[in-house]
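Protein chains in written order, with full-length UniProt numbering: chain A, 1 to 516; chain B, 1 to 322; chain C, 1 to 511; chain D, 1 to 133; chain E, 1 to 139.
Just to be clear, a hint being listed does not mean it is correct.
Okay, the calculated beta carbon distance ranges per label pair [unchecked claim]:
id, chain 1, residue 1, chain 2, residue 2, range
1, C, GLU45, A, ARG30, 50 to 58 Å
2, B, ALA312, C, LYS118, 37 to 45 Å
3, A, SER73, C, GLU45, 54 to 62 Å
4, A, SER73, C, GLN84, 45 to 53 Å
5, C, VAL18, D, TYR18, 31 to 39 Å
6, C, THR314, A, GLY379, 40 to 48 Å
7, E, LEU9, B, GLN78, 26 to 34 Å
Which residues of chain C face chain A? A partial, calculated answer using Cβ under 10 Å [stated by the list, open to error]:
id, residue
8, VAL43
9, LEU397
10, MET438
11, VAL443
12, ILE502
Simulated from the structure, these hints should not be mistaken for lab results.
Think of the CB as a built atom: it goes at the ideal place given N, C-alpha and C, for glycine as much as any other residue.
This is what each chain is made of:
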Amino acid sequence: MQFLLAFVVVAPLLGAVAALLPAPPGLKGRNPDQAVLRHGVTVTGAVLLAVLVLAAGFDHDHPSKMQATTDISWIPALDVRIHLGTDGISLPLLVLTALLTFLCALHSYFKPPAGPSPKAFVALVLLLESGTLATFAVLDLLLFFLAFEMVLIPMYFLIARWGGDRKQPAAWKFILYTLLGSVIMLLGLLLIGLESGTFDMVALATDNGRGLTTSVQVVAVLAVGLGLAVKTPMWPLHSWLPDAHTAAPTVGSVLLAGVLLKMGTYGFVRILLPVTPDGMQTFAPYLAAFAVVGIIYGSLACLALARPGAKGDLKRLIAYSSVGHMGFVLLGIATMTPTGVNGALFANIAHGLITGLLFFLVGAVKDRYGTADLDTLAGATGAALYGRAPRLGGLLAFAAVASLGLPGLAGFWGEMLTLFGAFDPAEGLSRPAFLTYMSIGALGTLLTAAYMLIVVRRVCMGEQREQPHPVADVRRHELAAWTPLAALTVLAGLWPAVLLGLTDPAVQKLLAGGKS
Amino acid sequence: MNDVLDVALRLVIVFAVFMVVPLVVGQAEHKVMAHMQGRLGPMYAGGFHGWAQLVADGVKFAQKEDVVPADADRRIFQLAPAVALLPYLLVILAIPIGPSEGAVGQVIDAGIFFVLAVMGVGVLGSLMAGWASANKFSLLGGLRTAAQLLAYELPMLLAAASVAMAAGTVSLPGILNAFEWWWLPWQIVGALVFFVAGLAELQRPPFDMPVADSEIIFGAYTEYTGLRFALFLLAEYAGIVVLCGLTTVLFLGGWHGPFGEDGLGWVWTLLKTGVLAFVVIWLRVTYPRLREDQLQKLAWTTLIPLALAQIALTGIVKVAIN
Amino acid sequence: MTVAADSAPGAASLVQSVDWLAIAPPVIAASVALIVLVADLFVGERHKPLLGYGAVAGLVAALATLVPLRAGDRSTFCLTDGSQACSYTADHFALVIQALVLGGALLTALLSVGDTRKLPAGEFWFLLLASAAGAALLPAARDLATLVVALEVASLPAFALVGIKRGDRRSSEAALKFFLSSVVATAVMLLGVSFVYATTGTMHLTEIAARLDDVPGRFSTLAEAGVVLTLVGFAFKTAAAPFHFWVPDTYVGAPLPIAAYLSVVGKAVGFSGLVLVTVIGFPSYADVWGPSLAVLAALTMTVGNVAALRQTATRARSAVRLLAWSSVGQAGYLLVPIAAAAYSSDEQIGSTVAYALMYAVVNLGAFAVAALVARSHPGNRLSDYRGLYATRPLAALAMGFFLLCLAGLPPGVIGLFAKVTVFSAAVDAGLGWLAVVMAVNVVIALYYYLRWTAALFTAPEADTQSGTAPQAPGHRVPAPLTLAIVLTAVAGITLSGAPQLILRFAAVSLF
Amino acid sequence: MADVPGPTVLASDYFQSYSVVGLLALVGVLFVAVAFGAGRLLRPVVPTPEKLLTYECGVDPVGEGWAHTQVRYYVYAFLYVIFAVDSIFLFPWATVFAAPGYGATTLVEMFIFLGFLAVGLLYAWKKGVLEWT
Amino acid sequence: MHLAYPAVLAVLLFCTGLYGVLARRNAILVLMSVELMLNAVNLNLVAFDVWLRDALHGGQALTLFTIAIAAAEIGIGLAIVLAVYRNRGSSDIDSLRDTAETDDAETLPDEVDADAVRDTTADQATAPAGKAKKAEATA
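Full structure from sequences and hints, please.
In structure tokens:
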């Protein structure tokens, strides 16, 4: 088991290096590009397989226990240990990451990215995967930071080299924002580690903040939280996200929204909640406030973009919707109750699946129409996807309603539980405030529904006009890439216990200070 | 009160020596050269063999017009002779001529340092003169003087260091107190180096390239007339005295002699100094002038290695006998 | 000091016994320097390259002697009067810095081996080795006189090295600027030293530390002035703002390998001197130098990084200038743990050492690639690096790696963790504000490092505004240069995998 | 400070001998001043433009007096400064090296030092600096 | 003799030297000023050495080293000044602008007229540079 987890983290890294080397004689393929893209699929596939085996071998009876742990001393000087492990909180994220990356690799195999050298592309995607998986698997604060940073460079290059319009500024904005955040986070992590004498997350979680004075906790939460909030992204630190999404290639957008954003919220749950409960308590109301502002802001921004004549970019719109969705996740975390945190984790996964799917779809639309601009697409009456590419249109509509939180689909449970959590926040938090937040959040769901339906109406419906060239419907490889996401969305919507059963014990344990 | 008198007396004596002995050397040079060249030299001034010739010269110089060229750097031009002369006066203060406390102007504990350092200042006078004259020949001469000083200062220093090693002190009376007769053969190389280097520093023939009249008129002193010129000349002879005195003290045992050291030590000193001064004059008459490159080569490739060898020898012997 | 007093009482104890092994590293470097100098006189023009290899061998030998010393418990030239003060101590701090400077000199030598045809070979190698010998002596020096002498032995040849390109206007100009600012710094530092000596009556750092504790009241101002002036002198040498102005001009004018040498070894010299005087010599004045160094650090990193940010890519020599400014910025980071040591303990110094080691490896690597690029693009513009990946993929990857290490981002793990140790030193010492300033600076620095990295991988543009002919295929790269790049890259990657190799210095007291 | 010297007064005998030197220097300066003063009274002052002209063997001077001179002189100056300054290290050593407690080691140390000087000289020689061309 | 005399003299010397370093434009004069500063230090060291009655004579020993260092510095410094002079016919340190930071984007400084480079604004100049620029502007 432990080797499996280590393999999951290391394999993409080795794969990335291997991608840069010339292909061995047996694996040359039709041409070098094809060979390297196939290599990407192979490696991510193997990683996915390994993660699935890991999930299968996971002791579902004790999801709160760290499993598949590896604990090796790496840098004694800094007390950095290669401490890997997974529990109910991280396992779903690992699966999600491996799945999305595999799907991205598959997508790229059939539709090579527009831009230079697929070799570098594959290497970067693999590096990204390694960093993300490591973020979810490590149990050492500094290692967490390392993994957190590791995704920056590949993402930067994915945006800056394979992106669309205005890719350079967007890439810069992305990296400078997140880096500034993460450096400040590092200071917070160091403060925690130096004050408590260990960087081990398990030990720190067990300690539950007893070794840290309240003032240290407050400072640490402020610093660490800032870094995580930039990544999440929390309003008002979100402004890099729309640009990055708009500029990024499809694969980049999928991974960014589906996986990278989760690293921020995961950090909140994994580090701040258990390690610095007092500090978190202090900031929870503010966090929640920012979260609901984010929800409303994201929705309003989307509404503005969806309006006819606003020249709204679909990718941008989905990016803003992510701000709203992540607002729910943050609200859930801010409640500091098992219900809320479970909801947050659920919403996390759901958002990964649905937004991933949405970006794939929008990417496909953009490929077919050459633009993702809503006005251009829809024209006066609408893009009429239902008519011209019914399966594509159908999937888009499905993803949109999943995103707006239709009961029975994945998006529903997360928002539901979050609002429940806000209805009855943890002891010590102001209930009236959270009730207010809850009602605002509920209003947010309505707004979400509004803009999503507008989008569906404008893109999928409308009058079918003659076009110079026909629009292809969903292709086989696209279907292969999207089906798992759609299926999982339905599964999680219909059978939330699959996830909640994993997360709940772990969350209970976290909030209880390591005692379960 | 006694101290003040004592000091005043010493100063007066030193000053007197400084005024008289160089004149004696100069007069001796006139006569010795003349006889060596088969002529008589000055015969009239003062009567007996022209003994007052240099005094007469002095009077003549004092009456001459003092010309400062229009282009010259006035202040420096006028100061240069004094700068060239005064260091020798100060050196004489430190040279012991007898064994007792009273036979030296002033005991200075870092004597070798003091004399070598102060003697080095003298060249500044030549350099100032060469620079301030605004004359090509003067400048060239001044620079040659400087180059010569630079080249020969090092062997001089090294040779002096050898004596300091042998005696284990840098004080001049201290060195003399430690002197043994066998130092003579032991330090002979150093003595030669010191003496030759000293000659070169004084720009005495055969090392008088910087003031070679056939090449650059009179080098740095070309533009000088009258009293200032006389001071330069005086400086040259004072230099001879100082050099001979120092060589005597450092290498020839100063007031040590086969007999009568206690009472007549000063005689020995003066005698040795006199002999050396004679050698200086003798060399002027016998040797042809060295070319500028030969000058430099002699210093760097002969004297310095010799001096280094002498130091090695001194060190080894000294450690061996301990 | 070996110059003993003539008033000292007799007895056989007067001669200090010399532990030759302990002083071997600087002595070997100096001896080889001398040998090279003499050999240069007798070696024919055809065999001049041998001198370079001789120098390399000498540096390797000097490095090798560090191995038997690794216990770090030797000292020599000790006072014979019963006090424990020694002038030369080969403790861990000294050994690590010696390894750094000798290694740095070795890499510089490798960079120059193929390049000295235009330079006077004998002089070049002599000066390099002599400077390295001084640099190796300095970290082991434990009295002010030795410190000053070592500092000068390291600096003086460096002036000549900067100006060694005959007939090159920039080279001599750079040398003059470097020289003037440096000698003024020396004079100021010496004045400080004389004041410190006046108030303590000793030159030995440990004795100074003991005696500064109870300086009589009427001398305390003098002692403070001495401490401050000494630090000002070292601040010049370390190029801390506001004493940094000579750095970019000097680096730009100097031959490229020498710029690399200055940025690594020169810095190491300044910093080890600073560490020695502050931590060993003036611990009782920590309340004076602690805050001032903290402010200097903040100022230095900000000035360096902001100026580096302002470099335009198409300017002539902008690449070297950027590296120069970035080295000023990095100097700011290096100062942080020293300032932190004032607030907590000596162990913080380890962070500076670890960071300096990382910086040395990575920065030399970057300069090595710069030297490689300069072979075909003498203008040394940042824009020359556009599309390097297309022509020299491995060099581009190495450069990218070095730059990311400097920026402190994965995959430059070692750069990241070196920064982490510096941060942790600051946080540990309660210098939160400094840590935040540094954090902001890290982000600023990231921008220009990453911009450069990004340029490496973008497609080359068709224009050649410099007018230089496009690079001929099969342009031969001299083996030593390749070796230098490979060595630094391998070192960097190894350290990234096992940062403990250098970070262990951060956790222990080196003295 | 282990032992603070009481009054801030420097060793006085150390300066006494030099004060005599200073006095003598004063005497010398007086002498020169008097000589020049007396000379002014004795000598004639009849300047003419021709007389004040720079002397170049009777021909009217050509160009400027301060001509550029060779770098060679500078090289010598350089050599001198280096060697002379280095050789002052000899003197403190010379006074003690034979004292009991020092002996051969000290001698060897100084030979090493002299070896450096010799190498420097050798270098200058081989480089042709000492050839006056 | 009172310690104050040499100490004050040394400080005066040092300040004179410092002033020279900051105010002089000729490199040779700057060099000489540096020498003044070093010798002020020497004076200090020797005076303190005597006053402290240091048995080890640390001050005197350091003085010897300082003298040697000063000599070496002067040697190298003159060589560098000479090289500068030979390369550009002037030893005015304010006119050393070849390596300075200019905003001049496209040209190599040695390809254009030196004055053109000099006129461009340069923020990283050494202190007296501003004065030089003014002088040139008025000239």
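Next item on the list: Hints the structure violates: just list their numbers, smallest first.
Entry: 4 and 8
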